[in-house]
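Number of protein chains: 2
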Amino acid sequence: MSLHANPTQHLGEFDLIARLTDGLRLGNDVVRGVGDDAAVLQWPVDQHLVVTCDAQVEGTHFLRSFSSPEQIGRRALSVNLSDLAAMGARPKFALVSLIVSKPLDLGWLDQMYAGLRAQADAFGVSIVGGNIASSDGPTCIDITVFGQVPAGGAIRRDGGHAGDRLYVSGELGSAVAGLASLRKEPSGVPEDAVAEVRLAYCDPQPQVALGEALGASHAVTSMIDISDGLSSDLHHICMQSGVGAVVDEQDLPISLATRAMGEAFGVDALDWALHGGDAYQLLFSISPDRESKLTSLPHAFSAQLHPIGWLTTPDQGVRLRHADATTDFLPPSGWDHLKGDPA
Amino acid sequence: MSLHANPTQHLGEFDLIARLTDGLRLGNDVVRGVGDDAAVLQWPVDQHLVVTCDAQVEGTHFLRSFSSPEQIGRRALSVNLSDLAAMGARPKFALVSLIVSKPLDLGWLDQMYAGLRAQADAFGVSIVGGNIASSDGPTCIDITVFGQVPAGGAIRRDGGHAGDRLYVSGELGSAVAGLASLRKEPSGVPEDAVAEVRLAYCDPQPQVALGEALGASHAVTSMIDISDGLSSDLHHICMQSGVGAVVDEQDLPISLATRAMGEAFGVDALDWALHGGDAYQLLFSISPDRESKLTSLPHAFSAQLHPIGWLTTPDQGVRLRHADATTDFLPPSGWDHLKGDPA
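So the protein sequences, as listed, match chains A and B. Anchor point for the first sequence: position 89 equals 77 in this note's numbering, and the numbering is continuous, going up by one each time. Anchor point for the second sequence: position 230 equals 218 in this note's numbering, and the numbering is continuous, going up by one each time.
Chain A on its own, in the form it takes in the complex:
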């Protein structure tokens, strides 16, 4: 029941739901999808249900001037898939809750939802329901995803041990470099480098297949996705596992494009790599005696893995080791959704 006057729009809620969800591709395990009070889903024996949700709020997480509507839709799903990947889970279903600002921008919504659907199809995810509400505020895309892991096979944040090796699944800092380039056009940076970092920000690729493979390897002791920044997310693992860590500065994978952007903006690209959010890479620990399991992964996976340090005893704290072998404490200076950008 609206507390406000009728916005006199012609399109009704159910018209819009029908328009957006027409012909959704559904898995055989969807007993009842969009169109009832709730969706009904089959769940396989011996699999645990893995669930998470994440909201993208206009003005806080995205701007229409920075990303295409399709990218915004894809990204809203990708950030959720990344959380499932970090548990070693296989994505199965999604609920899409839209809070749309008035007046309704139907063209934008159509394109955003098309991007979301395409990403769902690409990852074999059935969109089984959701909700649409209107708001006087910004548009919010709030997605809940459902994945499965073999019972007991979820990779948590609290299983790391001192002595475990730390890995990341790819480039760090490029997304935050991309955001910087969207806020202010960089000068003196090659066009393709700018395009590369912008794509990292606008259209992150969740490491779903890798996450599932790492889970199946039974070698990984803890894992998290780097959404808030390496420093903050590493602290989550250390706090929950009761360990310290040392990260080797020179082992951090930072692309040439990110370094070029750092120079253009007078920012140390290392800071972006350490504290920049939105990377959506996996950070995980593995016991040294099982590290060889990584080389038996498909080459496409093993080639993207970068060892960046170790877990230590908790008394060591979380440290960064410089090229000269000296170390400093590495504070959790990444993104905080209430405090805003790192200083």
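None of these hints come from the bench; they were simulated from the model. Some hints here could point you the wrong way.
As the list claims (entries may be wrong) - Pairs of lysine-lysine residues, derived as DSS-like cross-links and limited to a Cα-Cα distance of at most 30 Å, are as follows: (1) K90/A <-> K90/B; (2) K172/A <-> K90/A; (3) K90/B <-> K172/A.
Once you have looked at the hints, place chain B on chain A.
Only chain B this time, still in chain A's reference frame:
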């Protein structure tokens, strides 16, 4: 990553999550709750997973001046539990996604979340995760709930047949009467009547146990919860089941308090009962040869059921029968989340 300046708040996201979720009561089936990338849940063999989400947006669905923070929190969960009830499902888990307006009103959030937690405890629901984001717009409480039904036992909207009897689970129109009384103080209505309808609006009771009992009876052919209004929700059943319906005007359960409010506002209480949203009662159909199963339900359930009409062949349309036995078409004039209030 915020696109805006740091709002210079002292409380971080993780502090707030810890504050709100400290000591959550969890079922034995929660393998991993709040505090990881995703929650991990056990799922019983032979049970289907039933999932839905619904958002409460400040200014659209609630005003802080109309309801206490505890009521707003309880209601945000209740409207979701009502959807599970309408499938005949037993609620098990919830994810709570908060989009909080800046600056943070911590006292209000604490109380709202306390109401939400109390309602979760009352219904045996484990809050297993969620998300917190900040916004320049209104506060939104977006909840996803997970329920279970025996495989094949979910009650859908599309199973009604011509000849089935139509029932509702309780009073109609009281919630919208309550909203009217919050918008404008009524004159000449007894205080307890005003309190009664306001409570119906601010703190609806989801018909969870009844919904599960109706599911277990194997007698109900279709069911929906009346969130948009009887007329609109009956149309959903009729459209999906391929039937028509006739509703007996004089059989609609309308309380004395609602009638008194109607008189005070010069509104026909029947219109509220037919088209008013937020009732959160169950509307269901049952084949006549199984109607006796309703009397074998526990008395607390059977006593609250009101037969209000029948499903018919689709050529009859959806009709309202007046006391003089004449009929009129009953249009779906309830609430539409995009169009706003019914005229």
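How the hints compare with the structure:
Between K90/A and K90/B the CA atoms are separated by roughly 20 Å; this keeps the pair inside 30 Å, and the hint holds. The hinted pair formed by K172/A and K90/A meets the criterion: a straight-line CA distance of about 29 Å does not exceed 30 Å. Note on K90/B and K172/A: the hinted pairing holds, with a Cα-Cα distance of about 26 Å set against a maximum of 30 Å.
When the structure is compared with the earlier hints, no violation turns up for any of them.
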